[in-house]
Each structure stands twice: as C-alpha cells, then as structure tokens.
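Note that the protein sequences, when read in sequence, are chains A and B. If you're matching positions, the first sequence starts at 2 in this note's numbering and goes up one per residue. If you're matching positions, the second sequence starts at 9 in this note's numbering and goes up one per residue.
Everything labelled a hint here was simulated from the structure, so no lab data went into it. Certain hints may be false.
[As the list claims (entries may be wrong)] Only pairs whose alpha carbons sit at most 20 Å apart, straight line, appear in this in silico SDA-like list of lysine to any residue: (1) K241/A / P32/B; (2) K364/A / A30/B; (3) K316/A / V327/A; (4) K399/A / M310/A; (5) K364/A / L155/B; (6) K316/A / E375/A; (7) K364/A / F29/B; (8) K374/A / A12/B; (9) K364/A / D11/B; (10) K374/A / V132/B; (11) K364/A / A12/B; (12) K374/A / A18/B; (13) K364/A / Q57/B; (14) K374/A / E329/A; (15) K437/A / A259/A; (16) K437/A / E329/A; (17) K374/A / T334/A; (18) K430/A / E276/A; (19) K364/A / D127/B; (20) K364/A / D325/A; (21) K166/A / D11/B; (22) K437/A / E256/A; (23) K364/A / L21/B; (24) K166/A / H48/A; (25) K166/A / A265/A; (26) K374/A / D11/B; (27) K374/A / R109/B; (28) K374/A / D127/B; (29) K437/A / A265/A; (30) K374/A / E13/B; (31) K374/A / V15/B; (32) K374/A / P32/B; (33) K364/A / P32/B; (34) K150/A / D104/A; (35) K166/A / H46/A.
[Said to hold, decoys possible] Computed footprint of chain A on chain B; a stretch qualifies when at least three of its residues, placed anywhere within it, have a C-beta under 8 Å from a C-beta of chain A: (36) 24-30; (37) 56-62; (38) 69-76.
Beta carbons: idealized from backbone N, C-alpha and C, even for Gly.
So the chains spell out like this:
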Amino acid sequence: MAANWTFGRLLGVGYSLAVAVLLVVAVVGYSNTTNLIEDSALVSHTHQVRRELASLMAELIDAETGERGYIITGDDAYLEPYTAGRNALRATQQALARLVADDPDQQRRVESLSPLIDARLQAFERALQARRTGGIPAAVASVSTNHGKELMDRIRAIIAEADRKESDLLAQRASAAVESSAWTERTILWGGVIGVVLVALVGFYTVGALTRRVGGAVGSVQSSSAELQSAANQQAASAKEQAGAMNEIATTIRELIATSRQIAQSAQRVAHVAEETEANARDGGGTVDNATASIESIRLQVDRIVNHMLDLGRKSQQIGAVLDIVAELAEQTNILAINASIEAAGAGDAGNRFSVVADEIRKLSDRVSGSTKEIRALIDDVRAAVNTTVMATESGSKAVDAGTRQFGDVASSFNRILSMVATATEAAKEIELSTKQQATAVEQVNIAISNVSQASQETEASSNQILQTSSELASLSRELARIIRPEARK
Amino acid sequence: MNDAEIVQRAATLRVAFDRSFAEPPPAIERGTERFLAITIAGTAYAVAQAEVAALFVDRPIAELASAATTFLGVAMLDGEPVPVHGLAALLGHGTGDAPPRWMLRVARSVLGLAFDRLDGQLRVPRNAIAALQPGAADPLIGGSIALNGITRSIVRLDAAVAQLAAGIREE
C-alpha cells in the first residue's frame, strides 16, 4: 500500500510518527520536568521555611545574648545584638507567616510563636530596665524568675516541631522529585529510543523508497538526458545544416533576384522589339500586298508569253511541214538530176551538155537540201527554244502561281505574325510585370529566408545551449546516481 | 548557229544561186569517173554510175516468198515489175530491221538493188580509184575510193548480178 504513496505522503506519515513520538516524549518530559521544578520549588520553600525558623531562633538567641552582655557589663555596646535581633524578629516573623500561609498546621504554629516571642521581648525589656535602674542585682533578680527560660523553651519546642514538619515535607518532596526524575529519565530514554527506532525505520523505508524511485527517475533522467543530448546534437547539426542551406538559399535567391531583374529588363526590351516588329510586320504586310499585285500582273504577262510561244511553236511546226515538202522536192530534184546525169551518160557525147546541166541541177538540189537541213536544224532549234521557253514560262507561270500562293501564305503569315507579335508584346509586358512582381516577391522571400536563417542560427545556438544543458543534466544525473547508489560509482 | 551566221549563210546561198545562172556553163571534165556514194548498214560504199540505170526512193516493194535471203520483193520501176534484192544481204551485212528506202536499177539488167541511204553523186579522178588485187576475199568489191578523207569500197553491180544469177541457177 505504501508503495503507491507519494513522497510527500510518505515523508509526512513517517515524520508524523516520529513527531508524535517526540511529542509524547516532550509532553511527558515537560510534565515531569514541571513536576520536578515544582518539587524543587517546594523543597526550596521547605528549606527557606527551615532557614526562617533557624533565623528566628538565632535572632532570639542574639537578643538574649545582648541582654545578658548588657546585664553583665552595663555597657550599651552589648545591646547591639539585642537591638539587631529584636529588629529582625518582626521581619522574620512576617516572612515566615507568608511562607507557611499554605500550610494551616505550620501557620498555627507560627501564630502561636508570636505571643511567646512578644512575651520574651518584654522579659528582655524588663531585665534591661532593671539593670539600668537597679543594677546587676535587680537584673539578676529579674532573670532569676525563669520566666524567660520557660518562654525560650516553649519557643524552641514550637520551632523544633515546625522544623520537623518541614523536614518531613522535605523528605516527601525529595522522594517525589526523585521519582519524577526517574520517570522523566525513563520516558525520555524509551521515548527517544522509540522515536529513534521509528525515525530510523521511517528513514530506512523512505530512503529505500526514495532511492528506488529517485534511482529510477535518475535512470530515466539519464536516459532522457542522453536522448536529449543526442537529439540536441542532431538538432544542432540539423540547425547548422539548415543555417548553411538557408545561406545557400539566400545566395541563390539573391542571384534569382538579379536574374529576375535581368529578365524584366530583357522582357522590356523584348516588348520594345515586339512593338517594332509589329510595325515592321505591318509594313511587310503592305509590301506583300503590293508584291502580290505585281506577281498577278507578272502572271498575266507570263500567260501571254506562253500563248505567244505556243503560237510560235505551231508556226514553227507549220514551217517544218513546208520545209519537209521543200526537202522532199529537193530530194526528188536530186534524184531526177542523178537520173538525168545517168541518162546523159548513156547518150554518149551528145549527152555531155545535158549531163552538165543535170549536175548543176543536182548541185542546186544539194544546196537546197543542205539549206533545208540547216533550216530544219534552225527550226528544230527554234522549236526546242520555244519548247524550252514554253516549259520555262510554264514553270515560271507555275512558279508565279506558287509565288502568288506563297505570297498569299506570306501575307497570311504576316497577319498571323502581326497577331502573334501583338500577343508576344502583351505576353512580354505581362512577363515584365510578372517578373517585377516576382522580383518583389523574391525579395520578400529573401527577407523571410534571412529571418529563417537568423532563426536557424538562433536555433543552432539554442541547440548548443540545450546540448550543454543536457550534458550538464547528464552529469548531474550521474552525480545524483552516484549519490543515491554509491555502488553505481564508476 | 547565231543570227549573223544565218544571215551570212543565206547571203552565200543567194550569191551562189545567182552566180550559177550568171556564169557560163562549166567545161566538161575529163579523166573522171562518176560514182554514187551510198551507205549500207553504216558502211560507206560507192557504186559506179555507169552500172546504174536509174535511182528511186520510197518505192513500194511487194514482198514475195523466195528461198533467197537477199530477195526483198518486186517493185514497179519505170513501169515494169523488177525483182529487188538487198545490197546489205549481198555484202554480208544481213537484213536490217527496216526495209531499205533507196533503190537503184542495174543497167543492162532487170534487177533492182535496195540500200539504206544515198550520200550523193561523186565525180572521182581516176587516180583516186584503187583497184583490188586479183583473188580478193569478196568478189562483189571491185576496189576503193579515197575522197575527202573517206574511203569507200566500190560495189561491183555486174558481179552482184552474176552472183544472183548463179544463185538462181543453183536453185
């Protein structure tokens, strides 16, 4: 059950038991001491009563001694003890009456002494008076009555009885004081022993429990401090790495800011160039329209040229046909001339002149044939040139058509370029604006990163502080463990 | 030929044509032989004009069945049907893909010989004619003519007629 008690409850219960025992011992000791003090006071009272009784008797004796010395010598100097005793008797009687006020028997005895003492003092006065007046004989006669002696005997008897009574009381109070002292000693001794035993038990149990619990707690603290130390190490390393990374990020962001500014400037230049490009593209579009009109005119001219060339080709073909006829005629003429020459040769000398004519005709036909060949070659050249020209012009026409289409494409491309350049201009302006906003945002990020970097450095410092604190905590826990468990000292 | 050359050529032709009528008739040349320059299967040949009766071109040939490989058919020459043989086959060039366009009628014989092309009429000095040595390989070649850098073998039409006649007799 006590295993589940808290330290406060355990210490409270243990020390409550010890305090209770000590309280009992203290109360008993106090009571006994009080009784002892009272007994001692009563003993002292008894002794004081006895001293007052003895003083009363001694003062009476001093007065009697002074009386007898004066009677014998008649010298007043012998009256000094008498006077001192007579004067002290009243104070002693009063003190004695106060001291025995709590004891009726002793009070009665002290009251019975007063008339006797008064009577004795009167007897002294009478003897002294007799001495002064009658001299020694008168004084002797006064003393010889034995009245004084009887008074003194009765006074002595009463004082002796009172003293015995005080002596008996003294014996009783001494016995009570001894008994009270013995009880006090036993009480203190056994109470102390019991208290010590209880305190020892409570202390042993408490120390054991505290050792176990505090030891466990110290172990936990050691483990936790080790983990905290490791975590602090890791956190310090991480914070250091984070601080380094933050510095690198800050450097990168500064470069990014510079790059963003350059991009903004480039975007501004791009926007300017795009505007100029848009103007040039618009001019180019107009130029393309003019060129398209010119190309259309060229295409019409080329069509005319093609038609003329085709007509020329046809005419050349007709010329060729006519030339074929001419060539055939020349060939037939040549054959006729040859045959005429053959016939002339067959006619002998009569045919010589005819042979000459036939030769001339043959030569003429040869020239015509050669000329027709040359003309045919020329016509072929013309036709080839016409064909080449037609093909070239057709190719040119096709090229012009293609050029027209391409110029149309170029015009539409220029229109698209205009649109795209406008879009690019807007995009460049947006890029410029966005880049400026981005630069501003990046500057804010840079500030935040600087703050984070500073926080990382502070975290690193805090981690180092935690590491130092955890190290101190580990050292303290080891020290505490050594204090709690000396066997654990290693 | 450029424009200037054409103009120059036309002027030359005009001058030659006009001169041909303005000049006196040339004298009759002596010491020369007349030949017809022909081409057979790409080879230049010459035929003595004295052995030719007439020259024809683009005359239709009616093909007839014959055992002779040189026989091409029958053509109407000077109003009478004449058997026509190919000179290319006679000279050992074989028969070409296309029928010969030109044709000559052999003098003093009813025979037509077809050939590919007429190159012209030649008047050859006799010193330019080289006779073959006896015992030559081809009996149809009777000599050669070297003129204007071209050497032409002279085809003996009489030998061709004799060869064809001998062939006909053998059949």
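To see whether the hints hold, each was checked on the structure:
Distance check on the hinted pair: K241/A and P32/B sit about 130 Å apart at the alpha-carbon level, beyond 20 Å; violated. Restraint check for K364/A and A30/B: the C-alpha separation of about 15 Å stays at or below 20 Å, so the hint holds. For the hint linking K316/A to V327/A, the alpha-carbon distance of about 16 Å falls within 20 Å, and the restraint holds. Straight-line distance between C-alpha atoms of K399/A and M310/A comes to about 16 Å, which keeps the hinted pair within the 20 Å bound.
Pair hint K364/A plus L155/B holds up; C-alpha atoms about 18 Å apart against a cutoff of 20 Å. Distance check on the hinted pair: K316/A and E375/A sit about 17 Å apart at the alpha-carbon level, within 20 Å; holds. At roughly 13 Å between alpha-carbon atoms, K364/A and F29/B fall within 20 Å of each other, so this suggested pair holds. At most 20 Å may separate the alpha-carbon atoms for a hinted pair to count; K374/A and A12/B meet this at roughly 18 Å.
Distance check on the hinted pair: K364/A and D11/B sit about 25 Å apart at the alpha-carbon level, beyond 20 Å; violated. At most 20 Å may separate the alpha-carbon atoms for a hinted pair to count; K374/A and V132/B exceed this at roughly 25 Å. Between the alpha carbons of K364/A and A12/B the distance comes to roughly 25 Å, so the proposed pair goes past 20 Å and is violated. Under the criterion of a C-alpha separation no larger than 20 Å, the hint pairing K374/A with A18/B is consistent with the structure, at around 13 Å.
Simply put, K364/A and Q57/B have alpha-carbon atoms about 16 Å apart, close enough for the 20 Å limit, and the pair holds. Simply put, K374/A and E329/A have alpha-carbon atoms about 11 Å apart, close enough for the 20 Å limit, and the pair holds. In summary, the hint linking K437/A to A259/A is supported, as the alpha carbons are separated by about 11 Å, within the 20 Å threshold. As the CA atoms of K437/A and E329/A are separated by approximately 93 Å, the hinted pair breaks the 20 Å bound.
With a CA separation close to 15 Å, the supplied pair K374/A and T334/A stays within the 20 Å bound. Distance check on the hinted pair: K430/A and E276/A sit about 11 Å apart at the alpha-carbon level, within 20 Å; holds. For the hint pairing K364/A with D127/B, the CA-to-CA distance comes to about 13 Å; that is within 20 Å, so the pair holds. Restraint check for K364/A and D325/A: the C-alpha separation of about 19 Å stays at or below 20 Å, so the hint holds.
Among the hinted pairs, K166/A with D11/B is inconsistent with the structure: their alpha-carbon atoms are about 197 Å apart, more than 20 Å. For the hint linking K437/A to E256/A, the alpha-carbon distance of about 15 Å falls within 20 Å, and the restraint holds. About 12 Å separates the Cα atoms of K364/A and L21/B, which keeps this hinted pair within 20 Å; it holds. Between the alpha carbons of K166/A and H48/A the distance comes to roughly 12 Å, so the proposed pair stays at or under 20 Å and holds.
For the suggested pair K166/A and A265/A, the alpha carbons sit about 129 Å apart, so the restraint of at most 20 Å is broken. Proposed proximity of K374/A and D11/B is supported: the alpha carbons are some 16 Å apart, at most 20 Å. This hinted pair checks out: K374/A and R109/B have alpha carbons roughly 19 Å apart, not beyond 20 Å. About 14 Å separates the Cα atoms of K374/A and D127/B, which keeps this hinted pair within 20 Å; it holds.
For a cut-off of 20 Å, the pair hint linking K437/A to A265/A stands: about 6 Å separates their Cα positions. For the suggested pair K374/A and E13/B, the alpha carbons sit about 15 Å apart, so the restraint of at most 20 Å is met. A distance of roughly 16 Å separates the Cα atoms of K374/A and V15/B; the hinted pair therefore holds under the 20 Å criterion. Proposed proximity of K374/A and P32/B is contradicted: the alpha carbons are some 29 Å apart, above 20 Å.
Restraint check for K364/A and P32/B: the C-alpha separation of about 16 Å stays at or below 20 Å, so the hint holds. A distance of roughly 29 Å separates the Cα atoms of K150/A and D104/A; the hinted pair therefore is violated under the 20 Å criterion. Between K166/A and H46/A the alpha-carbon distance is near 13 Å, which keeps this suggested pair within the 20 Å criterion. Chain A is given as covering the stretch 24-30 of chain B, and this holds because 3 residues of the stretch bring a CB closer than 8 Å to a CB of that chain, at least three being needed.
Residue count for the stretch 56-62 of chain B with a Cβ under 8 Å from a Cβ of chain A: 5. That meets the three needed, and the coverage hint holds. Counting residues of the stretch 69-76 of chain B whose CB falls under 8 Å from any CB of chain A gives 0; the rule of at least 3 is not met.
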